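Colleague: Here the structure of chain H is known, so what remains is to put chain Z in place on it, guided by the hints.
There are 2 protein chains.
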Amino acid sequence: MQHSSVISSHKAVTITFSNYGLPNKVLQAVEYELPQPGLGEVTLKLIAAPINPADLNQIEGTFASKPEFSKRFGCSEAVAVPGNEGVFEVIALGKADSNELSLGDWVIPKTASFGTWATFKNAKVCDLISLGKPNGLTPLQAATIAVNPLAAYRMLKDFVELERGDWFIVNGGNSGVCRLSVQLAKLWGVKSISVIRDDGNLGEVKQELHALGADHVITEEQLAGSSIERDVNEWTQGKMCKLALNSVGGKSSANIACQLADKGTIVTYGDMSKKPVEIPASLYIYKDIVSRGFWVTKWKKDNPKDFEQLIQSVAAMFREKKLKLTAVASVDLLDVEKVRSDELLSLFKSSIAKKGKNVIVVK
Amino acid sequence: MQHSSVISSHKAVTITFSNYGLPNKVLQAVEYELPQPGLGEVTLKLIAAPINPADLNQIEGTFASKPEFSKRFGCSEAVAVPGNEGVFEVIALGKADSNELSLGDWVIPKTASFGTWATFKNAKVCDLISLGKPNGLTPLQAATIAVNPLAAYRMLKDFVELERGDWFIVNGGNSGVCRLSVQLAKLWGVKSISVIRDDGNLGEVKQELHALGADHVITEEQLAGSSIERDVNEWTQGKMCKLALNSVGGKSSANIACQLADKGTIVTYGDMSKKPVEIPASLYIYKDIVSRGFWVTKWKKDNPKDFEQLIQSVAAMFREKKLKLTAVASVDLLDVEKVRSDELLSLFKSSIAKKGKNVIVVK
Chain H
1 MQHSSVISSH KAVTITFSNY GLPNKVLQAV EYELPQPGLG EVTLKLIAAP
51 INPADLNQIE GTFASKPEFS KRFGCSEAVA VPGNEGVFEV IALGKADSNE
101 LSLGDWVIPK TASFGTWATF KNAKVCDLIS LGKPNGLTPL QAATIAVNPL
151 AAYRMLKDFV ELERGDWFIV NGGNSGVCRL SVQLAKLWGV KSISVIRDDG
201 NLGEVKQELH ALGADHVITE EQLAGSSIER DVNEWTQGKM CKLALNSVGG
251 KSSANIACQL ADKGTIVTYG DMSKKPVEIP ASLYIYKDIV SRGFWVTKWK
301 KDNPKDFEQL IQSVAAMFRE KKLKLTAVAS VDLLDVEKVR SDELLSLFKS
351 SIAKKGKNVI VVK
Chain Z
1 MQHSSVISSH KAVTITFSNY GLPNKVLQAV EYELPQPGLG EVTLKLIAAP
51 INPADLNQIE GTFASKPEFS KRFGCSEAVA VPGNEGVFEV IALGKADSNE
101 LSLGDWVIPK TASFGTWATF KNAKVCDLIS LGKPNGLTPL QAATIAVNPL
151 AAYRMLKDFV ELERGDWFIV NGGNSGVCRL SVQLAKLWGV KSISVIRDDG
201 NLGEVKQELH ALGADHVITE EQLAGSSIER DVNEWTQGKM CKLALNSVGG
251 KSSANIACQL ADKGTIVTYG DMSKKPVEIP ASLYIYKDIV SRGFWVTKWK
301 KDNPKDFEQL IQSVAAMFRE KKLKLTAVAS VDLLDVEKVR SDELLSLFKS
351 SIAKKGKNVI VVK
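Keeping their order, the protein sequence lines are chains H and Z.
Taking the working numbering, the leading residue of the first sequence gets 1, the next gets one more, and so forth.
Taking the working numbering, the leading residue of the second sequence gets 1, the next gets one more, and so forth.
Okay, chain H solo, but in the shape it has when bound:
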């Protein structure tokens, strides 16, 4: 059993917002003295926190999972702390009747709306999942372990039975979820077709995706072309795809659905095109395909035990280098102990303005 350790109090800096709106308009930052951890609590130091589209939607007020607003940090208005994902190090233990956590352990939040955009914070042990000591796990891997790898894993497992040699197709093929899905598929002997947008660096992206394990990489234009059904038929030796993963919508969803086998399933988990999911009626009526959705936040809430187990499995895959994290950019936060509120705010704001998936990492 660990006992509370007396530590010097920390100056914490946290990003907040009091009204929904455009992140760069509504975000503020406050400094405050972090109290000692209470009973069943620990004090956490930020290791890394990603900036996900879901975080930005949450600040805009359009995300289905809402944060808690309350008067804290000495603010006169009720504020919420953004950031649903991230990894922290345990730096102090409050009085607790369990030895679940040790100093130096890395932890991630158990639920959404944890408020990860803070340099230090106190949290209840029961709200955390321990990754143990890093042991080769990188800050970027740990910070992003609970969304993209889980989404990729569950979508390949929970909708159709993919056996060795079976095929799936995925659009938005250059995204984090897709890059993880083709790697997991490769580990399991499942074949993949990744559909990407031609952003001018086609050769490079194709090479990267093939190196990760993608069997075929095609552009949205090729997917929409007249020979694609013949090609997919040939690649899959007439089996077509059992599963399609859709994060784009619009015509792209119709075009990947057309590559499904009879009774195949298309799973939507994003809407990058901001257009509805379109599927020709004939695929429903004559091919009996099924169109469904997946939301990792809901899955974690409904399956807390499986969630914790899966986090440990994915962490092990990262440590054993069976799974690679790519397409993630990091932004360094120097000297977390001494950072000022205006510095933290401008770091987050400038990272939000950048393209791609950015993760704030403590040096």
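What the hints contain is simulated information worked out from the structure, not anything from laboratory work.
Everything numeric in this text was worked out from a predicted model, so none of it was measured.
A hint or two may mislead.
Given that identical chains are not distinguished, each listed pair holds provided it fits within a single copy or across any two copies.
Claimed, not checked - DSSO-like mimics (lysine-lysine), calculated; alpha carbons at most 30 Å apart, straight line:
id	residue 1	residue 2
1	298	239
2	321	186
3	263	251
4	110	287
5	25	354
6	11	322
7	206	355
8	275	251
9	287	305
10	355	287
11	239	66
12	263	301
13	298	338
14	11	275
15	263	133
16	322	363
17	287	357
18	301	239
19	305	274
20	287	301
21	239	186
22	263	287
23	263	157
24	110	263
25	298	263
26	251	298
Modeller: Chain Z in isolation, oriented as in the chain H frame:
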């Protein structure tokens, strides 16, 4: 056991086509002497044959279920006989080792592509379902029993569990399937919202649908309006709809899907708008709705025993006047014994040109 009865041979007239194309271009008609029924066969006289969109699509070559082309009726080219649905009277029995059928029985085809557009024809007993003697069943009811009532019945039963007091929503609300679905729902204590197009006779259609049992009848414009979610919430006392039946597609499918409860299902069985089924990604991701399809031809093929039983149940509902057939127009074929090929052809062609669901009925 019934024995073969010797009858005078019949002059039969049948509609044929040798190439796929526009019905009014490719249809022909031939007269021929019908031979005596062979072993296990019966001779059938037409009572009534509908002209369904599926029949026209089959002639155009776009229907998934293809007819058989063969050299028969003395034609030099291989021909097919259109007509997937219809009711016949048994007028002669061939040698057979069963007493399944008697003279005067009404029968319907067991499978699609039977070729019902013929005044007389021989058929195998094993390809027929007997409705017994009419006993109050009308030619229109019997001729259309195997598609619309079955589709309505199965779609209400097979996708979600609808209990008394549960709600469903259906677009194309003035169609045959929808009129049957609201009646079946009413019988089972299930509540309905029918969405119709405003074709100028709104008051009349609303009255008809309410009389059949529809709880609410709204226009596509009302469905697309800003207050509809509040209205549906109020009507259903917050339950929203468990099921949506879609035969329209495009925006209408998105709009009925928006009235679904969490984990609700939208079933597509037609595409009147010729636009893809559109559903906002958020309904898949955050409400976990499911989008599927239904094809009655496939269901019948996969469930032959259930199909025969259901036909008898629906026939009983018609005889007991629990179920009404509406929105079907009949076209009389006078003197089926003496009709000429040019007369039959012009009757079918003129009926195809008319709007609505037409059924050729023998007087």
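Colleague: List, from low to high, the hint numbers that the structure doesn't satisfy.
Modeller: 6, 13, 14, 15 and 19
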